[in-house]
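**Q** If you want the building blocks of each chain, they are given just below.
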Amino acid sequence: MSGRWLLRLAPWLTTAALLLIWWLFVRLFAIESYVLPSPIEAFAAIYTYFGPLLASALDTLYTTLAGFAISVAIGLSLGIVIGSSRLAYAALYPVLVAFNSVPKAALVPILVIWFGVGALPAVITACVLSFFPIVVNVATGFATIEPELMDVLRALGATRIDMTMKVGIPRSLPYFFASLKIAITLSFVGSVIAEIVAGNNGIGHVMLVASSQFNVPLVFAALIVVGIMGSGMYAAFAFVERHFTSWSVRGMDYATGG
Amino acid sequence: MSFIEIDGVDLVYKGSGAARGNGGTLALAGAELRIEKGEFASIVGPSGCGKSTLVKLISGLVQPSRGAVRAAGKAVTRPLKEVGVAFQNPSLLPWRNIRDNVLLPLEIVEPHRGRFRRERAANRDRVERLLASVGLGEFGGRMPWQLSGGMQQRAQLCRALIHEPAILLLDEPFASLDTFTREELWDVLQALWTERKCTVILVTHELREAVYLSDTVHVMSARPGRVVASRKISLPRPRALAATFRSEFVDLVHELRDHVGRSKAA
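These protein sequence lines map, in sequence, to chains A and B.
Using our numbering, count along the first sequence one by one with no gaps and you end on 258.
Using our numbering, count along the second sequence one by one with no gaps and you end on 524.
So here's chain A without its partners, still in its complex pose (with noise of 0.2 angstroms):
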């Protein structure tokens, strides 16, 4: 086998690897389904409930993806602003870390408490989990052009806004995809979280309650699917990267690093 093809099979290779000891784990030791289902149970479980399963992932996709699209708004400005000026660095940075340690999950209960039960919580949270990466990185991309690309445009008189189109955007778009894959995955923990504390609807709230009925099967396959979400956005977002950023991977025909 050419080492190509091995390259496109390892990440299906090694969850079925995965998925093999999760059932060799259950069978050994007879654990009951109702603590750890085995991997046959959970997916069985998907084909059963697989109309409300998918009409819930589709809730929690809509969800994730309007939270994740102000975070990556907020992420973009804020980085811009943030690489590009010193004092606005010493200004927000401190608050923004503090701001990102505070467990996201202590929030939904607030969120709930000004916004009432529903989607709106939950594409805050989706929201507020995933927009900091962002920022982060494209900071990092501005901090970090080098000064004689920025003397080569301010020799041709360039403005402010020249200099951030033409050199500051382009070069941290790498650092921008790279967030990205990133900050989808945590905007599907964002709105999961926020559906099992007080969502109405959702793969979250699927979870809720199915454990409320110790329908545990149910609970694997509804975090299945998330997985499933989780890393098909990702992978979405590492063709889109691979595709405007090629030119910081030069010869490599993989990018999903990062």
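Heads up, some of the hints might be wrong.
According to the in silico footprint, chain B covers these stretches of chain A (three or more CB under 8 angstroms from chain B) [stated by the list, open to error]:
1. 150-159
2. 167-181
BS3-like mimics (lysine-lysine), calculated; alpha carbons at most 27 angstroms apart, straight line [to be verified]:
3. B:Lys-332 x B:Lys-455
4. B:Lys-455 x B:Lys-314
5. A:Lys-166 x B:Lys-339
6. B:Lys-295 x B:Lys-272
7. B:Lys-295 x B:Lys-314
8. A:Lys-166 x B:Lys-314
Note that these hints are calculated values from the structure, not bench results.
Glycine included, C-beta positions come from ideal geometry on N, C-alpha and C.
Please arrange chain B on chain A, whose structure you already have, making use of the hints.
**A** Coordinates of chain B only, in the frame set by chain A:
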């Protein structure tokens, strides 16, 4: 009145740390320089003497602490569109191919900027012709990292010239190249200058390079720098590499070396 005039210029760099404590580093003190229109001038001197600072002054990237810098009769208070600059580091934008890198000044400098979109095809032709004239005809579509150091410097020269500046400032553009590539690029530069007749100011520490290319070589003293000697080079043009082994060429290089040696001691 000369085309470029530097009059009694002092320049203090307000750096960080120790330099800030004692009022900064004095890079230039009482620098005087006259360069005529269409002249090829070189500036040589010991390292750290403020050669690059002189280029930054003329390009408007830094302002003098005292004295005046004038180009084409106007005081230089900010970067001028009549100036093209090339540095020791090729500093091409790594996300653009060579063609788009060379196009960059046309996207920024007026009047090209305003009509950049309308004249896309014409601009492209212009870039291709310029690239071809420095031997990069087939490389417009390549990315910078796919080119050797010498080719990147050729591309940088094109970028500095595409908006047809009246003044070309070159800050040790060949310093990081091997001898053969460097000598090749001397001829590329000589041909470009002969064709365009722009005013060139070349900063270098290579005395052979300065003599080979220049009409006048200015020698700077050690820091704080000022021009201590100016030597007209009246060797016939166009000059060829074979001439660098003749005695009049070698004598000029030796004479300049003495100047630099003395300026170091002073």
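**Q** Compare the structure with each hint and give your call.
**A** How the hints compare with the structure:
1. 150-159: Holds: 8 residues of the stretch 150-159 of chain A have a Cβ under 8 angstroms from chain B.
2. 167-181: holds (count 4)
3. B:Lys-332 x B:Lys-455: holds, 20 angstroms
4. B:Lys-455 x B:Lys-314: Holds: Lys-455 (chain B) and Lys-314 (chain B) sit about 22 angstroms apart, inside 27 angstroms.
5. A:Lys-166 x B:Lys-339: holds, 17 angstroms
6. B:Lys-295 x B:Lys-272: violated, 33 angstroms
7. B:Lys-295 x B:Lys-314: holds, 19 angstroms
8. A:Lys-166 x B:Lys-314: holds, 22 angstroms
In the structure shown, a violation is registered for the earlier hint numbered 6 alone.
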